[in-house]
Every structure is written in C-alpha cells, then in structure tokens.
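Generate coordinates for the entire structure from the input sequences, incorporating the hints supplied.
4 protein chains.
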Amino acid sequence: MTLIAEGDELLLYMDRKRTYKVKVEAGKQFHTHRGFIEMGDLVGQPYGITVRSSLGVRFYALKPLIRDRVMKTDRHTQVLYPKDIGYILLQLGVSSGSRVVEAGTGSGALTMALAEAVRPEGKVYTYEIVEKHMRTAAGNIERAGLMPYVEMKVGDVTQGIPESDVDAVVLDMATPWLVVGHAWDALSGSGVFLSFSPTIEQVMKTVEALRGRPFIEVETVELILRRITVAPDKTRPETIMVGHSGYLTTARKVVELIEED
Amino acid sequence: MTLIAEGDELLLYMDRKRTYKVKVEAGKQFHTHRGFIEMGDLVGQPYGITVRSSLGVRFYALKPLIRDRVMKTDRHTQVLYPKDIGYILLQLGVSSGSRVVEAGTGSGALTMALAEAVRPEGKVYTYEIVEKHMRTAAGNIERAGLMPYVEMKVGDVTQGIPESDVDAVVLDMATPWLVVGHAWDALSGSGVFLSFSPTIEQVMKTVEALRGRPFIEVETVELILRRITVAPDKTRPETIMVGHSGYLTTARKVVELIEED
Amino acid sequence: MTLIAEGDELLLYMDRKRTYKVKVEAGKQFHTHRGFIEMGDLVGQPYGITVRSSLGVRFYALKPLIRDRVMKTDRHTQVLYPKDIGYILLQLGVSSGSRVVEAGTGSGALTMALAEAVRPEGKVYTYEIVEKHMRTAAGNIERAGLMPYVEMKVGDVTQGIPESDVDAVVLDMATPWLVVGHAWDALSGSGVFLSFSPTIEQVMKTVEALRGRPFIEVETVELILRRITVAPDKTRPETIMVGHSGYLTTARKVVELIEED
Amino acid sequence: MTLIAEGDELLLYMDRKRTYKVKVEAGKQFHTHRGFIEMGDLVGQPYGITVRSSLGVRFYALKPLIRDRVMKTDRHTQVLYPKDIGYILLQLGVSSGSRVVEAGTGSGALTMALAEAVRPEGKVYTYEIVEKHMRTAAGNIERAGLMPYVEMKVGDVTQGIPESDVDAVVLDMATPWLVVGHAWDALSGSGVFLSFSPTIEQVMKTVEALRGRPFIEVETVELILRRITVAPDKTRPETIMVGHSGYLTTARKVVELIEED
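If you read the sequences in order, they're chains W, R, H and B. First residue of the first sequence? That's 628 in the working numbering, and the numbers climb one at a time after it. First residue of the second sequence? That's 628 in the working numbering, and the numbers climb one at a time after it. First residue of the third sequence? That's 628 in the working numbering, and the numbers climb one at a time after it. First residue of the fourth sequence? That's 628 in the working numbering, and the numbers climb one at a time after it.
What you were told as hints is all true, and nothing was included just to trick you.
Residues from chain B that face chain R, not an exhaustive set, calculated with beta carbons under 10 Å:
#1 Thr826
#2 Ile827
#3 Arg853
#4 Arg854
#5 Pro864
#6 Ile867
#7 Met868
#8 Gly870
#9 Ser872
#10 Tyr874
Facing chain R, from chain B, some residues (calculated, C-beta under 7 Å):
#11 Pro825
#12 Glu828
#13 Asp860
#14 Lys861
#15 Thr862
#16 Arg863
#17 Thr866
Treat the hints as calculated values from the structure; they're not laboratory data. None of these values were measured; they are calculated from a predicted model. Every residue gets a Cβ at the ideal spot worked out from N, C-alpha and C, and that includes glycine.
This is how it looks when you write it as structure tokens:
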C-alpha cells in the first residue's frame with residue numbers, strides 16, 4: 628500500500644467542483660473556505676484517506692492522476708479534454724520506449740500524458756514558440772515528476788523538426804498544415820501523424836497537405852462526451868454539455884517503393 | 628530505423644476496409660483477391676514500405692499498433708471501440724508499473740491495451756469465465772508479444788477478487804454491480820473503478836452499488852465518435868455512424884477515517 | 628405586403644440575445660438600455676423595417692413567429708425547445724382541422740404551436756392542474772391571437788380525458804404513464820400518442836404502459852441540436868450546447884378485430 | 628369517427644420495417660409475402676382496425692400521416708428526414724394562409740409537408756429543373772390530396788423567383804448561395820429564408836451570401852436524432868444511427884430604413 632510522504636503532491640477532493648492540488652509539508656496548513664487542513668497529519672496515511680478540516684468538513688486525499696493534472700493545468704492555453712487525450716494516446720500507439728514530437732507545448736497537459744505513456748524508456752520532444760507558455764508547462768511537468776522523459780524546446784516546427792525516426796508527431800497548433808512535410812521527414816516508416824484543430828478550415832488544409840505526401844489512413848473524427856446524471860427517477864444526459872473541442876486528424880507515414888524494372 | 632524481421636507480425640494495408648494481419652515468413656506467400664505477396668521480400672525493409680502484389684496492386688507494410696489489434700480481434704465478443712479504450716486508459720490512470728484487474732477478458736482487446744500501458748513493470752490480472760474466450764484471447768495476447776505482462780485467470784469475479792492493493796479494476800461484463808464490493812476490497816486507496824455497460828439498467832445498478840460503498844467521483848459518461856469526410860466540396864460528417872457502444876462509469880476508492888473522540 | 632398596424636405585437640430585434648416583444652401603440656415609447664423607440668413611428672411601415680433608437684442604435688421590427696413566442700414564454704415551466712416542438716408537430720400529423728388534447732399546458736408554448744397548426748378549423752384542448760400556470764398561458768395564447776382555437780381546462784388527465792375521437796394526445800407532464808389508458812380511450816383509431824419526458828425512468832414506465840394497450844409503432848427518440856459557427860477560418864460547432872431536453876415517445880392507437888369463428 | 632372509404636389510401640402496417648401504402652378498392656387483393664388482404668373488407672371499418680391476411684398475419688390499417696408519406700416517397704432524390712422537416716416547418720413559421728417558395732421539388736416530400744401546413748388558405752410554389760422528378764413529385768402530391776395547395780413549376784430559381792411578398796423561401800438544392808439575392812427579392816419584410824445542405828462548403832457559401840444582403844438572425848444548425856431501445860434490462864441508444872443528413876441555415880429578411888436628416 629502506498630503511504631503519503633512528505634513532499635508528495637496530493638489532490639484534496641471536497642466535491643466534483645472543489646478539488647485542490649496541494650503539496651504535503653509538515654507544519655503547513657491548507658486553507659479553504661471550509662476550514663483548514665494540517666498537511667503534516669497526512670504523512671504516513673494511505674492514499675484515499677478521509678480527513679476533516681478544522682470546520683469538520685470532509686476532504687479526501689487522492690493520488691493525482693494524469694487526468695487530474697490535465698484538468699488542473701492553466702486553462703488559458705488549454706482546449707484538450709481528457710476525452711481527446713485518451714483518444715490521441717491510443718491513435719498514436721505510444722507506449723514505454725516510444726519517441727514522440729509534440730507542438731505546441733501549451734500548458735503541458737498533453738506533454739504530461741505523453742510522458743506518462745512513454746516512460747520509463749521513451750522521450751517526448753515538445754516544441755513551443757511562446758516562452759511564457761514554456762515556463763508554465765515546465766512547472767507542471769516538473770511537479771508531475773515527468774521531466775526525465777521530456778525534452779523541452781523553444782522553436783517553430785513550421786521551419787523544420789530536427790528529430791528523426793520518431794514514432795509519432797502530434798500537433799495542437801494554429802497552422803498544422805505547414806508542418807505536414809516536416810512531420811513526414813521526422814517520422815519513421817509506419818509512424819503516426821495526429822493533429823488537433825478546433826476549426827474545419829484547419830482540418831481541410833491539413834488533410835489536403837497530408838494527401839500531397841505519402842501518408843495513408845488519413846481520417847478525421849470528433850469525439851463528443853456526454854455526462855449522464857444517474858439517480859433514482861432522475862437518470863438523463865446532463866442539460867448543458869461541451870459540444871465541441873476540436874477535430875482529430877490522423878495519418879500514417881508510408882515509404883514509396885523504388886520500382887524495379 | 629526499425630526494419631522488418633523474419634517472424635514479425637505485419638499489418639498489410641490495401642485500403643481502409645481491407646487490411647490484413649500477416650506473419651513474415653521467408654518462402655511464404657500471402658494471397659488476396661488482388662494477387663499474392665512474397666512475404667520474404669519484406670525482410671530487411673523499413674516499416675511503412677510499399678509493396679506490390681503479383682497483380683501490381685499496392686499494399687503497405689505497417690507495424691501493428693494496439694488500435695489495429697483491437698479492431699482485428701474477434702468481434703463476436705467485442706463491443707469496446709478504440710474511442711472507449713483510449714478513454715478507459717486515461718480514466719484508470721494506468722502507466723508503466725501499474726497493477727490492474729480486468730473482467731471479463733473477452734477477446735483480449737482491452738487486455739492488450741492495458742498490458743501495453745503497464746509494461747514493462749506492471750501487470751494485468753484478467754478474469755474470464757468462458758474457457759473458449761480465454762483461449763482466443765490468449766492467442767491474441769501472445770501474438771502481440773504482451774503475455775509477460777498479463778496473468779490470465781479462469782474465474783468469476785462476482786465471487787471475489789484475490790488480488791489486493793491494485794491501482795485499478797475495470798469491468799466489461801453483464802453484472803458489474805455484483806463486483807463493486809470486491810473491487811473496493813482489491814483496490815488500493817485512491818484507486819480507480821471503471822465499468823463499461825451497454826444498457827442504462829446496468830449503469831443504474833452499478834451506480835447504486837458504488838454509492839453504497841466508500842467511493843467518490845462516481846460519474847457516468849458516453850463517448851460518441853463521428854467520422855468526418857474531408858474532401859473539396861464534400862466535407863461533412865459521415866451519414867451512417869455507430870451511435871452507441873456503451874456507458875462508462877468511473878469511481879475512486881476512499882478510506883474512511885477512524886474518528887477520534 | 629403586410630404593414631405594421633396599431634395594436635400589433637412586434638418583435639424588436641437588436642441582436643440574437645436582445646430581442647423584445649412589444650405592442651405597437653401610438654404615443655408610447657419602448658425603452659432599452661440603448662435608447663428608446665417611438666412605437667407610433669412604426670405604424671404603416673412594412674414588417675422587417677429598420678428603426679433607430681434615440682441613441683442611434685439599429686433595431687428591426689419583426690413579425691413574431693411561433694418559434695419567437697416559444698422562446699419568449701416564461702422559461703420557469705418551459706423545457707420544450709423549438710427542435711422538439713417541430714418534431715412533435717410532424718409526429719402528431721396535426722394540421723388544419725385536427726383536434727388535439729394536450730397536458731399540461733405549462734406556459735402555453737406547445738399550445739400555441741398546436742393551435743397555429745390546427746387553425747382555422749381545428750381545436751386544442753389543453754389541461755393544466757396549476758391555476759397560476761393556466762393564467763400565464765392564457766395571456767400568452769391571447770396575445771398570439773390563438774385563443775379561438777384553444778379550449779383551456781383546469782383538470783387532471785390522470786383521472787380521465789372527457790374528449791373522444793381526437794386525432795392526437797400530447798403529454799408534457801411528470802407521470803405520463805398514468806394517462807396512457809385514458810389517451811387510448813380519447814383517441815380515434817390510428818390516432819397518435821406522444822409524450823415528452825426528461826428522464827429515462829419516465830420513458831420506461833410510459834413505454835411499458837403503451838405495450839399493455841393496443842398501441843403500435845411505439846418508439847422513443849431524442850433530438851440533439853448543434854449550432855454551427857460559420858465564419859471564414861472559424862467554422863466549427865459551438866463550444867457549449869444544450870445536451871438534453873427530453874425524450875420523445877410516440878405510439879399509434881389500433882383497434883383490435885373481433886375474431887370471427 | 629372516421630371510417631375507411633372506397634378509394635382511400637391506407638398505410639398497412641405489419642411491423643416497423645414492413646408498412647405498405649395501398650389504395651382501398653372493393654374486389655382488389657393486396658398481396659404480401661405473408662398472405663393477401665381483401666381490401667374491400669376494410670370499407671366501413673374505423674381507421675386503426677386490425678385485419679388478418681389469408682395466412683392469419685395481423686396488419687393494421689392506419690391513416691397515412693405526412694411523416695408516413697415522407698418516409699414512403701422515392702428515396703433516390705430524398706435526403707430530408709422527418710426530424711429536419713419538423714424543424715423546417717417551425718423555423719419557417721408557416722401555417723394556414725402562408726405563401727411559400729420551395730426549390731427543388733425533388734420527390735415532393737417537403738412540398739407535401741409545406742402544403743399540409745399552409746392549407747386550406749395558403750399556397751406552395753415549388754420549382755424543379757428535372758422534369759422526371761417533377762412527375763414523380765406530382766404523383767405523390769396528388770395521391771396525398773394536396774395538389775390544390777401547390778403550384779408546380781419547372782424552372783431554375785438561380786435565374787430569379789417570379790413570386791413576390793412570400794412568407795418563406797426554402798431551398799434543398801446544390802447551389803443555394805446563387806438564390807440568396809432572388810430570395811430576398813421574393814420575400815416580404817421579416818420573411819424567412821431556409822436552406823438545407825449536406826456539406827459545410829455549401830453552408831459557408833450560403834452564409835457568406837446572406838451576410839452580403841439585409842438578412843439578420845443568420846444561423847446554422849444540425850439536428851441529430853437518436854433512437855432509444857426501451858425494454859426491461861435492454862434500454863440504450865440504438866447501435867447504428869444516421870449521423871448526418873444536412874445542415875439547416877436560417878435567416879430573416881429586413882428592410883433598410885431610408886435615413887431622414
């Protein structure tokens with residue numbers, strides 16, 4: 628059983644809308660509008676333990692998963708939802724040992740998910756042109772303990788991708804179609820290209836670029852997630868939902884045969 | 628660059644609907660209705676290479692990803708789609724080193740995806756009550772090279788789960804509500820429970836069972852995947868789609884605090 | 628061309644979110660936070676005319692359609708959206724001359740749509756148990772000029788429906804399954820039953836009741852409406868949408884044959 | 628109570644997938660693969676009556692609704708579903724007395740729905756360029772008894788619309804953007820334009836054309852209909868569904884004010 632240790636990052640859960648990422652430090656108190664929690668009391672307890680605030684309100688000390696970190700990153704640069712990230716990981720086919728190029732880094736949400744998937748033997752090369760985003764992302768990745776599996780680079784992939792023979796290239800940026808050629812160069816044969824784009828115009832341009840190169844299995848999907856309220860005599864899809872985050876376009880690199888005569 | 632080797636399993640891709648999983652063996656021919664391919668010619672070529680059949684039709688030699696294996700497993704016992712599997716992996720939060728209990732094994736599609744996620748240091752304990760399914764799944768897992776990360780068990784998890792302190796329990800079976808108590812016992816604190824069920828009655832019973840135990844973050848969603856046709860003046864969602872595969876119910880184990888007086 | 632006349636009810640449209648239902652009265656001013664409009668100036672103008680407020684802001688004088696009235700009724704008792712109402716009208720098959728029973732009246736949104744469909748020769752019999760709702764609905768129906776085609780009744784249709792040989796019975800109420808038998812009695816042969824319910828439990832009970840009577844073509848659907856943002860390089864489904872309003876269950880009355888021996 | 632009369636058109640319903648539109652003629656038999664039915668026996672019976680074929684199989688004699696006729700028209704030229712037609716009727720705001728221009732006629736499915744909505748006092752002017760479609764549609768409209776409310780015209784509305792001051796213009800054709808200017812000319816102030824298009828490129832061009840004219844409330848939606856299987860322990864959305872029929876773009880004509888100084 629994993630016990631909570633000094634220095635761990637916890638997810639303090641009060642309810643679905645009120646969860647807090649907090650570092651465990653003896654002698655520190657975590658203050659909420661429902662009272663404070665003595666963080667030192669948690670050391671040596673099992674994860675999942677119930678704790679009461681000074682006002683008697685229950686909190687649960689959860690071990691943060693990647694999906695918690697994704698939802699807790701700065702949402703200003705963030706449009707990727709867990710539904711999209713899960714699909715991306717499966718489409719890319721990345722796992723321990725994979726080498727992946729990502730652009731742009733944004734808040735690092737997808738970077739963390741990729742790093743978690745390729746560790747301990749793989750590597751994520753992540754590109755960002757905005758230095759401020761890069762610093763925010765670095766903090767997030769560092770706190771998740773995933774920096775050993777990430778190489779962060781300030782740079783513009785529309786100008787080229789220095790890596791080669793990578794297993795996957797994944798793009799969440801404004802002009803993915805400008806990267807299609809460089810992605811082909813960087814990918815190993817059979818490697819996967821994936822682009823996430825909110826608008827259909829971006830998709831049209833990206834698909835056109837993919838069709839102009841030796842890529843096969845070019846396909847675009849969107850994923851719609853519906854939450855269901857489940858309770859006696861009240862079971863129904865939720866009234867308000869996220870209707871659209873973005874389209875996901877996937878393709879696979881092939882290598883042309885030198886024709887023998 | 629990875630080269631194709633004798634004994635590898637390939638995905639021979641002709642078009643989206645005609646792809647074939649084939650073993651590379653020198654001297655063997657793979658026959659299709661569009662001519663045959665000399666498998667030995669592929670040895671030493673890079674993955675992604677184009678090859679022509681005896682009738683001059685192009686095929687591409689792809690490295691099989693988990694999503695290819697999932698779509699190629701026996702669909703008789705299979706209702707999980709890649710969209711659901713990607714979401715499941717992210718919700719479970721499994722990665723290298725995780726220990727997961729799964730029931731039932733079915734064709735082994737989810738088992739393979741879980742094994743790929745937890746390798747090289749984790750383990751999937753998968754339960755199935757139908758021996759015939761187990762044998763089919765064993766073949767699929769073996770061919771994917773994932774058996775070192777899987778422990779296959781013939782058994783009924785409604786009667787109990789022998790493992791303990793596991794990171795996640797994932798169910799794709801007819802009566803998941805009968806396993807909720809055993810799942811709680813088997814999970815470590817903060818561990819994730821997930822159940823996939825086609826009908827809303829299954830969901831209702833499972834959620835009721837989860838609410839009767841120390842589980843939090845109980846939530847049910849469904850994922851809808853829409854394919855988009857992207858081509859000049861023809862861009863639109865596809866006419867016919869899969870409207871429903873199943874509901875995904877997630878929860879997280881917590882441990883009650885012993886109250887001091 | 629229809630000209631605006633004294634006493635008409637107009638829809639003053641500023642933008643999608645700011646539209647106002649206003650009565651045309653000479654000498655009256657309509658005040659908004661963007662200046663006032665002299666209502667008398669509109670008399671004799673064609674519908675659709677542009678008018679400027681005292682602060683120079685443009686408004687358009689639209690003729691209110693039923694869909695405008697539906698969206699402008701008191702939303703406290705209102706869950707039916709235009710998407711649902713359009714579907715209901717087509718499913719019921721009502722048109723000029725039809726006789727329809729409705730319960731409950733609520734704000735009168737559906738009542739107005741039904742009355743507009745059955746006029747000038749048909750009739751809507753609408754039942755409501757809450758007197759306050761009935762008065763609100765009466766005001767809405769009166770202002771739409773549709774009262775000649777409506778008979779408003781305070782009463783509980785779970786206790787029986789006095790009408791007979793009606794073309795359709797449509798229910799938007801908490802316990803539609805208690806009305807199924809009375810609806811069968813009230814309908815003419817081949818007549819249409821339709822129930823709108825937010826929860827799946829209501830649907831289950833209603834469908835079970837329908838299967839216990841001579842009803843055929845029992846079917847349940849839900850309608851999902853997605854708004855699309857269409858603008859150069861910004862085309863995409865809207866981010867936030869209404870994910871669920873309710874399920875629509877339809878059936879058709881048949882009459883059993885007396886078997887001859 | 629309406630009784631079945633000689634010459635009526637009936638819907639003989641066996642099950643959801645096997646329904647037949649048949650004319651009642653004494654002395655005629657209607658043959659199915661489940662035996663024949665003596666049509667003359669139905670004369671004088673109430674609608675909704677159960678009848679047994681010569682092989683003892685039950686059929687129900689339903690009165691055809693517009694939605695039945697829509698689903699029974701020649702589907703070669705037909706992409707409009709009842710879900711779309713119901714929405715169109717409500718968006719157009721047409722009712723008894725309305726005058727509507729439609730193009731193209733196609734199989735006449737929407738024409739019939741419009742005619743049913745505007746009768747007895749309104750008129751549908753429907754344009755089609757393919758003579759063969761026009762003849763098919765004429766047969767459908769005639770059999771539905773709706774010809775008195777329809778004026779059928781062979782002609783190309785991209786060249787102009789002769790009608791004026793109409794309440795609505797509705798388009799289901801390949802190049803709706805070429806009709807936007809003519810539609811504005813034909814509409815009365817506050818009148819409604821609606822175009823149904825399968826592809827997003829058609830929508831983009833149509834919206835651009837609408838923004839270049841005095842139209843307001845320009846909005847595009849799509850409607851997704853999900854059928855729900857409702858049965859004890861089997862309740863769930865149906866597996867295979869129609870994912871897309873087309874986009875619906877609506878706008879409303881306004882008239883610019885002549886500025887006074």
